[in-house]
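**Student:** One letter stands for each residue in the lines below.
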Amino acid sequence: MAVTMRDVEYIADLARLLFTEEEKRRLERELNRILEYVEKLNELDTTSVEPLRHVWELENRMRPDQVRRWISREEALRNAPAADSDYFRVPKVIE
Amino acid sequence: MTSYGAVRAALERGDLHLRERVEAFLQRINARNPELNALLEVWPDEALREADRIQERIRRGEAGPLAGMVLVIKDNIAVRNHRLTCASRMLASFESLYDATVIARLREADALLIGKANLDEFAMGSSNENSAFGPVRNPHRPEYVPGGSSGGSAAALAAGFCDAALGSDTGGSIRLPAALCGVVGLKPTYGRVSRFGLVAFASSLDCIGPMASSIEDVARVLEVIAGFDPQDSTSMPRPVPRYTDFLQKPEVRRWRIGLPREYYAEGLDPEIRSALEALAGDLERAGARIQEVSLPHTEYGIATYYILATAEASSNLARYDGIHYGHRASMEAVMASLQEEARQVRAELERARARGDEEAILRWTERLENQDSPLVRLYKLSRTEGFGTEVKRRIMLGTYVLSAGYYEAYYAKAQRVRRLIQSDFMRVFEEVDVLLTPPTPTPGFRLGERLEDPLKMYLADVYTVTANLAGIPALVLPIGWHSEGLPIGAQLMGRPFEEERLLEIGRVVETLCGTAA
Numbered sequence: 001m002a003v004t005m006r007d008v009e010y011i012a013d014l015a016r017l018l019f020t021e022e023e024k025r026r027l028e029r030e031l032n033r034i035l036e037y038v039e040k041l042n043e044l045d046t047t048s049v050e051p052l053r054h055v056w057e058l059e060n061r062m063r064p065d066q067v068r069r070w071i072s073r074e075e076a077l078r079n080a081p082a083a084d085s086d087y088f089r090v091p092k093v094i095e
Numbered sequence: 096m097t098s099y100g101a102v103r104a105a106l107e108r109g110d111l112h113l114r115e116r117v118e119a120f121l122q123r124i125n126a127r128n129p130e131l132n133a134l135l136e137v138w139p140d141e142a143l144r145e146a147d148r149i150q151e152r153i154r155r156g157e158a159g160p161l162a163g164m165v166l167v168i169k170d171n172i173a174v175r176n177h178r179l180t181c182a183s184r185m186l187a188s189f190e191s192l193y194d195a196t197v198i199a200r201l202r203e204a205d206a207l208l209i210g211k212a213n214l215d216e217f218a219m220g221s222s223n224e225n226s227a228f229g230p231v232r233n234p235h236r237p238e239y240v241p242g243g244s245s246g247g248s249a250a251a252l253a254a255g256f257c258d259a260a261l262g263s264d265t266g267g268s269i270r271l272p273a274a275l276c277g278v279v280g281l282k283p284t285y286g287r288v289s290r291f292g293l294v295a296f297a298s299s300l301d302c303i304g305p306m307a308s309s310i311e312d313v314a315r316v317l318e319v320i321a322g323f324d325p326q327d328s329t330s331m332p333r334p335v336p337r338y339t340d341f342l343q344k345p346e347v348r349r350w351r352i353g354l355p356r357e358y359y360a361e362g363l364d365p366e367i368r369s370a371l372e373a374l375a376g377d378l379e380r381a382g383a384r385i386q387e388v389s390l391p392h393t394e395y396g397i398a399t400y401y402i403l404a405t406a407e408a409s410s411n412l413a414r415y416d417g418i419h420y421g422h423r424a425s426m427e428a429v430m431a432s433l434q435e436e437a438r439q440v441r442a443e444l445e446r447a448r449a450r451g452d453e454e455a456i457l458r459w460t461e462r463l464e465n466q467d468s469p470l471v472r473l474y475k476l477s478r479t480e481g482f483g484t485e486v487k488r489r490i491m492l493g494t495y496v497l498s499a500g501y502y503e504a505y506y507a508k509a510q511r512v513r514r515l516i517q518s519d520f521m522r523v524f525e526e527v528d529v530l531l532t533p534p535t536p537t538p539g540f541r542l543g544e545r546l547e548d549p550l551k552m553y554l555a556d557v558y559t560v561t562a563n564l565a566g567i568p569a570l571v572l573p574i575g576w577h578s579e580g581l582p583i584g585a586q587l588m589g590r591p592f593e594e595e596r597l598l599e600i601g602r603v604v605e606t607l608c609g610t611a612a
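Top to bottom, those sequences are chains A and B. Residue numbering for the first sequence follows this note's numbering, beginning at 1 and increasing consecutively. Residue numbering for the second sequence follows this note's numbering, beginning at 96 and increasing consecutively.
Keep in mind the hints are simulated off the structure, nothing from the lab. Please read these numbers as outputs of a predicted model, since none were measured by experiment. A few of these clues could be false.
[As the list claims (entries may be wrong)] Each computed DSSO-like pair below joins lysine-lysine, with the alpha-carbon atoms no more than 30 Å apart:
(1) A:K24 / A:K40
(2) B:K551 / A:K24
(3) B:K551 / A:K40
With the hints as constraints, model all of the structure from the sequences given.
**Tutor:** And the structure:
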């Protein structure tokens, strides 16, 4: 299951990341090396082993869906990279 | 370092003033933090104000159990109205709107927060060299790494900047720096301490835990921060023992201690091995029953961990898109990036046409037609500028193992092996009460030594990731010194929710090794 340059580009697009050609070549090398190492897991026959999804096998814990005051509008906008008085500002998305 | 118990008594008697104590810490920080880079932020005014307030509460006899204990907080834990950077450019100017549950509980107990500790970006690293704000140095030998990712917390303790610290541990991030800096660090059972307000890295593995110079102080902090929290549905509704009670008359006569042979295999530094063997001998003479045990799936820990942790990280870090908070690339840069790409693709297209290469013509035409929209390019550029190399590498690996066609082969496979690793522990805990292991195979390494080799860096976590995969508690404490001038640590691992056992035995180890505060 070797990773190719095409795979690196495809994965980068899914991950919403940009890389230079040199970085892509480096990632191709590093990902292959790490994936080669994790191939080790195939030494184990796990066909009869259930995947462990949560260490204590928790059941879903439900709570009443109640409205609570948590943060104000002003606070919500405090960390925005761009905002006006009421809204997050984003670049124009509709041509 | 004086343990908090003695400090508290002196504060109560009025022999010691909290303000002077805080000033002494601030002086040490000013003198040495520029070199060590352990703290990203120090809050002198707030700490001195708090000192006066808490002093008054002590005088009135109203003070909480940690009154005047001075703490630093790893900068991936939310403290209201302070920056929460995760040592990332992505969050360089982010301010937390609320306190993490652990912080609210520390405040309730009258603990005093003095600043934020450096870390590997988003807690991803074993050396604390991956911080966007520069690496942390080991106070014992500044050319060596302090371990990561809670390297700032451990270095701050070793340099005497605080009484205790909070760290987080996803694959060893409390225990590795505790070992390399010679302090005590506990990764609690998964679900013992609320994660509310901890910036998510790998949610099925992440734990917040206490670090300090003594077992007793670690126990005190754990007592305060542990317990169910309605804000974290994975925290467990179990009563919290009074951990300090177990340190009153600690003894090991009752306990069976296992030495898992896979942790003493080839590759273990000979000095670390002999220190641990000597300790096992001392414990046996003190009345503990020592026996060799086996955890046969240990060697699969790192592979399992790096699949699960990166997969979860790629999903958790998808939230950083530059829209609601965090770093956003400039629109000028976005448009320039699209134009530059279009120029390059057109040039390739011309060359393909000149060659008459139909396949390449088709491919480059498609690339030109399917260029990102400005919004998608804004996400990409914001993330590319905001994240560092290691974070991007892990997002890429995690996205790959979760991508269509590979999920079963990697992610589901790793979840199955995770069960085998957990079953190993549950089986040996029928024979023994705790396990004694080295926390790390080597005594530490120099800055820069492993940066070019990610896999070698990952292997530093070989003895620590298993506790996260199994969900069990694990304690690291110093037991001596290596000839390289660095501390040697020991790791105790126990059954789920039996932190008190680790602390009790750890207290005995402190006495045996003469490392008690």
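**Student:** In ascending order, which of the hints set out earlier in this document are inconsistent with the structure?
**Tutor:** none
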